Structure formats: C-alpha cells, structure tokens
Amino acid sequence: MKFTLGWLKTHLETSASLAEITGKLTMIGLELESVEDRAAGFAPFIVGHVVEAKRHPDADRLSVCIVDTGRERVQVVCGAPNARTGMKGVFAASGTTIPGTGMQLKASTIRGVASHGMLCPAREMGLSDEHEGIIDLPADAPVGQPFAAVLGLDDPVIDIAVTPNRADCLGVRGIARDLAAAGLGTLKPRLVEPVAGRFKSPIGVRFDLAPDIANACPLFVGRLIRGVKNGPSPKWLQDRLGAIGLRPISALVDMTNFMTLDVNRPLHVFDADTLAGGITVRLARAGEKVQALNGKEYVLDGSETAIADDDGALGLGGVIGGVSSGCTEGTTNVFIEAALFDPVRTAATGRRHQIVSDARYRFERGLDLAAVIEGMEAATRLVMELCGGEPSELVVTGKPPDWHRSYALRLARIHALGGVDVPRDEAVRILAALGFAVAVAQGGDGVLAVTPPSWRGDVQGEADLVEEIVRIHGYERIPAVPLPRDTALPLPALNPPQRRARDARRALAGLGLTEAVTFSFMSSGHAALFGAGNAALRLANPISAELDMMRPSILPNLLLAAKRNADRGLTDAGLFEVGPQYSNDTPSGQALVATALRSGASFPRHWGAPSRPIDALDAKGDALGLLAALGLAIDNVQVTTDAPGWYHPGRSGVMRLGPKTTLAYFGEIHPAVLAKLDVKGPAVGCEVFLGALPPPKAKASKARPLLRLSPFQPVERDFAFVLDAGVAAEQVIKAAKSADKALIAAVSVFDLYQGKGVPDGKKSLAISVKLQPTTRTLTDAEIEAVGQRVVAAVIKATGATLRA
Amino acid sequence: MLDEVEKIRRVIGGAIAAAAAQADLEALRVDALGRKGRLTELMKGLGRLPPEQRRQAGATLNALKDELTAAIEARAKALAASELTRRLDAERVDVTLPVRPQPEGRIHPISQTIDEMVAIFGEMGFKVAEGPDIEDDFHNFTALNIPPEHPARQSHDTFYLAGDGAAAPKLLRTHTSPVQIRTMKAEKPPIRIIVPGRTYRVDYDATHSPNFHQVEGLVVDTTTHMGHLKGCLVEFVRAFFDVADLPVRFRPSYFPFTEPSAEMDIGCSRAGGELKLGAGGDWLEILGCGMVHPKVLANCGIDPAEYQGFAFGMGIERAAMLKYGIPDLRTFYEADLRWLKHYGFLPLEMPSMVGGLAR
Chain A
1 MKFTLGWLKT HLETSASLAE ITGKLTMIGL ELESVEDRAA GFAPFIVGHV VEAKRHPDAD
61 RLSVCIVDTG RERVQVVCGA PNARTGMKGV FAASGTTIPG TGMQLKASTI RGVASHGMLC
121 PAREMGLSDE HEGIIDLPAD APVGQPFAAV LGLDDPVIDI AVTPNRADCL GVRGIARDLA
181 AAGLGTLKPR LVEPVAGRFK SPIGVRFDLA PDIANACPLF VGRLIRGVKN GPSPKWLQDR
241 LGAIGLRPIS ALVDMTNFMT LDVNRPLHVF DADTLAGGIT VRLARAGEKV QALNGKEYVL
301 DGSETAIADD DGALGLGGVI GGVSSGCTEG TTNVFIEAAL FDPVRTAATG RRHQIVSDAR
361 YRFERGLDLA AVIEGMEAAT RLVMELCGGE PSELVVTGKP PDWHRSYALR LARIHALGGV
421 DVPRDEAVRI LAALGFAVAV AQGGDGVLAV TPPSWRGDVQ GEADLVEEIV RIHGYERIPA
481 VPLPRDTALP LPALNPPQRR ARDARRALAG LGLTEAVTFS FMSSGHAALF GAGNAALRLA
541 NPISAELDMM RPSILPNLLL AAKRNADRGL TDAGLFEVGP QYSNDTPSGQ ALVATALRSG
601 ASFPRHWGAP SRPIDALDAK GDALGLLAAL GLAIDNVQVT TDAPGWYHPG RSGVMRLGPK
661 TTLAYFGEIH PAVLAKLDVK GPAVGCEVFL GALPPPKAKA SKARPLLRLS PFQPVERDFA
721 FVLDAGVAAE QVIKAAKSAD KALIAAVSVF DLYQGKGVPD GKKSLAISVK LQPTTRTLTD
781 AEIEAVGQRV VAAVIKATGA TLRA
Chain B
1 MLDEVEKIRR VIGGAIAAAA AQADLEALRV DALGRKGRLT ELMKGLGRLP PEQRRQAGAT
61 LNALKDELTA AIEARAKALA ASELTRRLDA ERVDVTLPVR PQPEGRIHPI SQTIDEMVAI
121 FGEMGFKVAE GPDIEDDFHN FTALNIPPEH PARQSHDTFY LAGDGAAAPK LLRTHTSPVQ
181 IRTMKAEKPP IRIIVPGRTY RVDYDATHSP NFHQVEGLVV DTTTHMGHLK GCLVEFVRAF
241 FDVADLPVRF RPSYFPFTEP SAEMDIGCSR AGGELKLGAG GDWLEILGCG MVHPKVLANC
301 GIDPAEYQGF AFGMGIERAA MLKYGIPDLR TFYEADLRWL KHYGFLPLEM PSMVGGLAR
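Heads up: the sequence lines are chains A and B, in that order. Heads up: the first sequence begins at 1 in the numbering used here, then just goes up one per residue. Heads up: the second sequence begins at 1 in the numbering used here, then just goes up one per residue.
Rather than coming from a laboratory, the hints here were simulated on the basis of the structure. Hints are not guaranteed to be accurate.
[What the hints assert, rightly or not] Subject to a maximum C-alpha distance of 27 Å in a straight line, what follows is the list of computed BS3-like cross-link-like pairs (lysine-lysine):
1) K341(B) with K680(A)
2) K276(B) with K24(A)
3) K796(A) with K741(A)
4) K276(B) with K620(A)
[To be verified] Facing chain A, according to a computed beta carbon distance under 7 Å, are these residues of chain B, among others:
5) V128
6) A162
7) G163
8) V234
Predicted model only: the values in this text are computed from it and were never measured. For each residue, glycine too, the CB sits at the ideal point set by N, CA and C.
Given these sequences and hints, build the entire structure.
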C-alpha cells in the first residue's frame, strides 16, 4: 500500500517526522517496505530565472543563457530548443550529480563559451522518458528555492505491507487512525455532508438473488449524475496518484482510484447512456460472457456475482467492470455504484478467473460495512467538484449486514495472554482511538464490553482485542521472560525412530558418503523406472514436467546428481540421502529411507591403494555398515537375491529379518535403467528402510551381559574348497559354522578364485575357521577332528570338494 | 697353563673386541668355548692336575670363561646397535607422499542446522514431532483457521496431487503447521514440540525453492504468554547465531492461526554490501510467531478457556544461509559434491549445548 506523507497528513494532524512515522508504522504491524523521499535527491536543484538567452556565436543549436540563481548570475550554454529569455527553469550548479545519468557536472567551455552549470531536462532528472527540452517551471516559481516543491515532488512516498486482516489500512485514513492511536497525532474529523438529490434516478437497481445467496450483494447504493464533463483531473489529484505510480487517466477514473486509496471505498462508474434498462444484481448465467476492462473476455460459470442490465452481464461485482459500460472522455451521464459484495464469492470468482484487481483485493478482505452511503456522498462531491453535473437521489437496494457485536474483554487477559500490564485507562484509550465502543460489562470492573467498529471485521473475540491493545501499546514493552522447564533436566528431544534417522546420517557420512538433500518430487518417467505405479501421487500443478510426481525412491535423484557431478569431472561420487519416499497419498504411504549411491571407482587412482570399479558388495557394505551402526545384530540378517527391477538381477540382493521384514535392497543399478537416465556406470546403491527396523527393546537395565573371556589360545585352520560357481558363499560359511557351534567362533572367507587351475563353471573358495576353546587347550587330535567335521559339513551342504 | 690362559685371553679377547660381525663372534665363541674349544680343552685337563692345584686352576679357567662370555655379549650388543644404526641410515620413506584414501563424508547443512535447532530447543524441554508431507486441506488450512477463499491462502501457492477423483485432492503441506494440529489432536497439554520438516510451495526462482524446510514450534499449557514467547525465541536466536548480544525486535503481524501474531527481526548491518549479524542499525526478518488462536485450539478439541500457548515457524535454509554465509538457496538441492564438501559438516560435528553447537 503506497501513499505520500502529504496524503497521510490530510487525515492525520501530526508534528511527527517522516522517520518517526515510518518507524512507528512498522512497530504497530504496518510494516514499512520502503520510503522514497525524492526531494532529498533533488535538494541541490533550484529554480533559476533565465534573464537572457541568446544564440551561441559559433553554434546554431546552442544558446548562451544568463541564469539568476537568487544569489548570483551564472552563464550556462544550453542545447535545448525551448530555452528562452524570461523563462524559469531548473538550475544545477557545477559539481552537482544528475540523478538520471549519474554524471557530475563540470564547468566547461563549449565552442569557446564558458558554461558553469546546467538547465535541466526532465529526462535527465529521471522524471520523464521523453525528449522535451528543459523543464519549464511556472512563472511564479520562487527563484533560488528547491524546484521539487514547485512540481509537487517534495512529498515522500511511503510503501507499507498490509496484512490480510487489515482491510481498513488499505485506505490512507485507516493508517492515519492507527498512527493516531499509537500517539503520533490526532485523526482529523471527517464529515461528509450528504448531497441532496435533484431528481429521482431513472435507473433502478434490482436484486435477483435467491435467499440462500442474498449475501452475494447485501447492499447496492447507486446514483446518477447528469451532465458531467469528463477530462483530465486537477493537478493535486494527478500528483497524488502519480506519486504512488498510478497513471492519471481522466477525472472520473482518477476519482474512483482516489476513493479506493483514500478511504478504501471501491466504486464503479457506468456510462449511464450505455445501460439498457435498469441494473440487476444476480448470479451470472453459465456461459455468459463479459468483456472486462482489462481487455480480456471471461466466460462465466454461474457462480459469479454479475452486475447486469437488460442486455446481459456488464461486469463481475467486486472484481472487475466491463468495457461496454465504461466511462470515456465523452461520457456525460454517469451512474455510480457503491456496493458490498460477499468476500468469499469475490475471492472465489477472482481465483477461478485469475483476475487480480484492486477491487477484488479489497472486497475479499472485507470493507467498512457502514460507510457505503458515506462513500457515495463523498464520491458525488468529488465528481461534482471535478466534472460538474447534477446528482440524482440515492438508489439504495438492500441494507448493510449487521456488524454490531460485542465481546467481553477481561482486563486480566491482557497480561495473561499478552505478557504485559497495560493500565485500564490506557487499554480503554487505545480501543476508543481505534474506533471500538467500550462499555463496562456485567461482571464488574475487570471486564469491558467492547464493540468493534464497522471497518474491523477481522476482530472476532477477546484474543483479537488483546492484540489490538498490546500492538498499539507496543510489543517492545512486553518483558521477555524465560520459558520455565517442566523438569530439572531436559528429557530426550528425539524418540527412537528420530534418533535412528539422525544416527543414520552420521553413520553414512562416517562411511565416506556425502549427504544430499533432493526434491521430494521427480519426473514421472523416471519414477516409473523405480516402481511408481500410483497415479494419485502425480502432481496436479507441477513446477515442470521434470518434477511432476512424488518420488517412489530416492535413487533416481541421487543417480541424476551423480551424473551432474560426473559432467563436472567428479566421476567417483558417493552420495546418500535420508528422506521420505512415497507409495500412496496417505500418511502410511510415506516411508523414511536411507539411500546411498556410489558410482565410478572405489577410490581415485592412488599410489598406495589399488583403484577398482565399485561393485554390488560396496553397496552391501554400506547397508550392513549402516544397520550395524544403528545397533542391529547383523548376524541375523539374511540376504536373498530377489531385489526389485531397478537393480541388476544377478548383482543385487535383499536384506531380510525373518520372512516378513525387508530391511534393505542393495546392488548394482540395472544397466537399462542407467541408460534411460543417461548415467554412466558402474553405479551401485542401497535403500535401507529405517521404519522397518525393529524398535530397540525397552530394557529394565542398561547393563550389558557379563563378558566372559576365554584364557585359552584360539586356533585357526584354513580350508579351500572347489564348488560350483553358483553356490553362495553364505552356504559354505553356514555349513562350516554348523560343524561345531560351541567351538567355532568365526568363519571368514579369505580367498575367492576362478581361472587357471579351477575347472570351468567352478570356483575356489578358501575359508579360515577360528576355534575358540573355553575350558582347556585343544589337543592336535581334537583340532583335526573338528577340521574333518567342517570339511564334511561343507561337502554335504554344497557338493564341494576339498581343493588339493 | 697360566701362559696358555694368558694367551687365550689376549688372542681371543682381542679378536672379540675387533670382531666386525655376529658370525665372527660366533666363530670365536666356538674357538674358545665350543666343545673342542681351546678353553674347553684346558678345562678337560683339570682332572689331571693334583687336587691342590685343581681348585686354583679351575677358578682361573672359570674366570676366563666368564670374562670371554661377557666380552662376546658386550660385543654382540655393540654390533647389533651399530647394525641397527646402519639399517636405519639406509631405510627411507617419502613422508611427503599423500596418505591412502580416507572416508571423507559430509553432513548436509540442512541436517546440521536441524540438529542444532533440536539441541537448543531440546534444552528448553521441546520434543521433536513429525507429520506427513502429503496432507489434506483440513490439517494444512481449515483447522489452522484458514477457511477456503481466505486471502491468506493466496500466499500459500499450494501443490495439489492429482488424486483419484473420488476424494478431495490431497496437497503437499505448505508449512509444518499441520503437525500442530496432529499433535494437539493426539496429545493432551502440556505440549512442547518442535517440528522440523519438508514443506512445499509452487514457487521457483532465485529466492524460492518448490521444496524447502521449516521448523515449527508449539507450546500449549495454562500459563504461557507472549513474554515467554519472547524469552524463548530471544534465547534461541542468540544461541543459534552465537551472538550473545544479538539485537532482536518483535513486530505485530498477522497469521490466521495465531492471535496476537508477531514477526521477529534480528539486528544486522549491511555496510559495504556485506550482511553481518549483530548490532548495525538494520533488521532482518527471521521468523513468524504468536499466541495460538483460540479457534485452532478448539478445532483440536482443546478448551481455549483453559489452555493457551504460542507457536512459531521459521525457514531452515534461511537460518542456515544467514549463519553460514551460504549465498544461494537453490544450491542446497543440487547435490554438487564441491558445494557439499565446502558447506557440509564432518559426521563427528554433532551439535549439542554441552559440547557447543558449531565450531
């Protein structure tokens, strides 16, 4: 909301400075966006009297002017065709910086004639885009004084942000009222004397609204003014609108804009001669069309409030007027509309047709319900002042909704809610200054009965009244007090799943992966590659086709990230994200997944560590490392080979805990998927479903089981087997362990070989078995016996042969 | 025999002292003390001596044996020491070589910032609450006192899901505030929660991301008022930004779900085009807050005549940008490894009030 200081002062009697006013606006909730004091930049530019202008002796297009600056006479060489003896212009002395160009003026000699300043063109002052010569000031402009005041440019422009509840501050008067309540002056009285109608309006207004939608337009006040002469509006009005960036158009249009901005009273002016019959307020008819003032045609669907004549809809009530009935320069008879429209229907109409207008903005926030007639009278006076004419009697259809309502305000609530003591008298003063009617309520001294004014539809209860009082009293006067804690020591802020999510991030970063945060949506084409099948998860209004579906997996985002990094030369990416993925649109369809991706080589080439392409086992390592870090007993994790289709079928796996719980997928990303994403492999990933992990057991004691250490030396024995290439290593390990569960503490695979010396289709797998006696040292014979049982168990389970 | 003893002492003893290698020492040991060594031979001859001489000669020979043994040991130690010195002189590793690759993971600034916020509010007795990203109109708007056609909805450019056409379309939550509703419906006061999480708005330019993060705070009990709101948030911003005297101010504002409502600014300086937090005559908006609107409490089945409290919400990326000097919002989601390494955090940098929030 933009206005000028001078405009504000037409409503506010104040001696406060601009800085005091702008500072106070912010502190009462009318946040200052900007203040533009053009006069400050124009201060060095003064009114100069051109005492003499004669042709430059050596240049036809230049003139040599003697300028009286009020203090001295200065010679200036000027190139403008309109420079002439006797005129008043804008003079800038040498050394002045010109706002439009940023150039500093220097004394110079132009074709042999000295020039000590400049007579300024409007263009170079940033006041106009046109080449129209130097500024020609009125003859009575005071010589030597700043020129800005002469042109009305000395009025600072203030821009504030008005929150949606404060419709009353969409008019300058409302802002003045708030400032006055906050102690920055007094609100000037506003008395609008009714204008006596000289005849009965031949144009009537009729409501055609069913009872259940009567609130679409509760009140319509109309008036015909005959014999107006539309033309340019006067300078004060043009200056005021121009200062806030509105282009003056004509007296009638400027008048409506002024009323809207001055007292937040939107109006519509019809060219009465274009109306066919009287005006009807009704719902639009489905399919009906309106040619709107913004140059667009709207096809209505029947939910809009239409202002119509006998020929059809003229405009959309509270939103926008129509071209056919609009005023022009030649308009002589006008019918003025001041009405109330339902905020909800207005908003719905504006949203449906995507019309943003000053009227809609105000009607959907709610207007002063009691000021419609007053607004019409003020508008009438303004029209008659600017355009002459003869007013009819008012045409009043409907009545304002009853806005009187009273709330009990317990004075104790001011401190109980607002945290600050405001004396009763001050509270009453603030409310009264804001226009609230205050009476002592039943229930005694501590309670006030407060009736909000007709322009404060936003105030709907005691909490709102407390806000009004505390807001004007000043939030800065609320003492800050510490928030007392319920317990002496803080309890954990995170529950176990939340802690797991946090730990998962730290664990994966500890594994050398870098955390990414990517969007929750992705392209539906990519999503389809990762199992997305739920059309309900498609966005109705995506930002772009690349972001049109909720992600079914985090992997595609990480793959694309790896590709972007590879395009920048970082081919070995290790990324992870712990975040949501979606399988349906209910809360249970959102799962928290820790997803990791590695691409390229295990390490960059290095003198001390051989580099190799990453493989599925790297992904398995990430998943297991994460599960272990989260406290899961990973010995219980089973691995199956039925990972979903976005993994390489032969190089991927699923980690399970029993038949029902899927902990994780891992493996190499399917080459066809990589190709579709245009990602260069190899790339491996894992997806760990954090929500699937069993919750940590609630234990009575944090004590760990007693540690029993064996005093006897462990013994290791190695065995090499030749097996079918398809036999899972895990089978060998399990079989070996089963040979003597008490004695065998660990089985590890230390060699895997295929190639020369091993038949085709076979592999050699070497394991180391660690025996840990607990009661005595083992004899050679006992060790030998266990070894034979290990060999037998492996051979039985896998069909292996002991490698020679 | 004494001559012989002296000779052995002189010759062998001298040779031991001059020995240049462990092998030479061993040869000398065999020569003197071996089974057929010279001293051993002499000792074998002791039996042939008369008993009165035998004791004397035996003592002499034993003394020589001890002497030679000690000399060999001493020489062996000396040789070993010099051999080690020689080996060390020869052994060299280029210690300027780069080390073998180490894990170099990073935590994203958003996660780090959330952990920091949780650490601070956790000390003040807040618990972390969560809710779904895909919400319904009731939780995201209506229950928060934002009925359909409310002007405040225009500032929430909402993503809607296509849905199945049967039910009202779901939406992506435009703020973390729906978790206020979910928590108040599920729990009885006193409530003290913060809600960090993903949020969504249809807006994509230099200063807006369609997916971003907010943290919500909610306190509901019977006594908390705006003074507590100020106290809590002033402590928070000063701890979070680690500026003990950070200027703060609260301005009246408007949110449909709070009454009274406020916005909180922190002091800054923009001198020389560089933003610096602290006293500097300028202000920077950091969060919105207010007392929970009675209608919102009532919508959740909490009696507004008995209970009250405050709520606040702030952008996590914005807080991280201000604290860590990150210039561009969009870079948070690009997963550029160079950016993540530069602005990210080591996994062990776990924020806590005890150990410190940030280095």
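Hints and how they fare:
1. K341(B) with K680(A): With a Cα-Cα distance of about 23 Å, the restraint between K341(B) and K680(A) holds, given a limit of 27 Å.
2. K276(B) with K24(A): Given pair K276(B), K24(A) holds - Cα atoms ~25 Å apart, limit 27 Å.
3. K796(A) with K741(A): holds, 17 Å
4. K276(B) with K620(A): Since the Cα atoms of K276(B) and K620(A) sit roughly 46 Å apart, the hinted pair is violated (cutoff 27 Å).
5. V128: Holds, about 5 Å.
6. A162: With a closest approach of 4 Å, the A162(B) hint holds.
7. G163: holds, 5 Å
8. V234: holds, 5 Å
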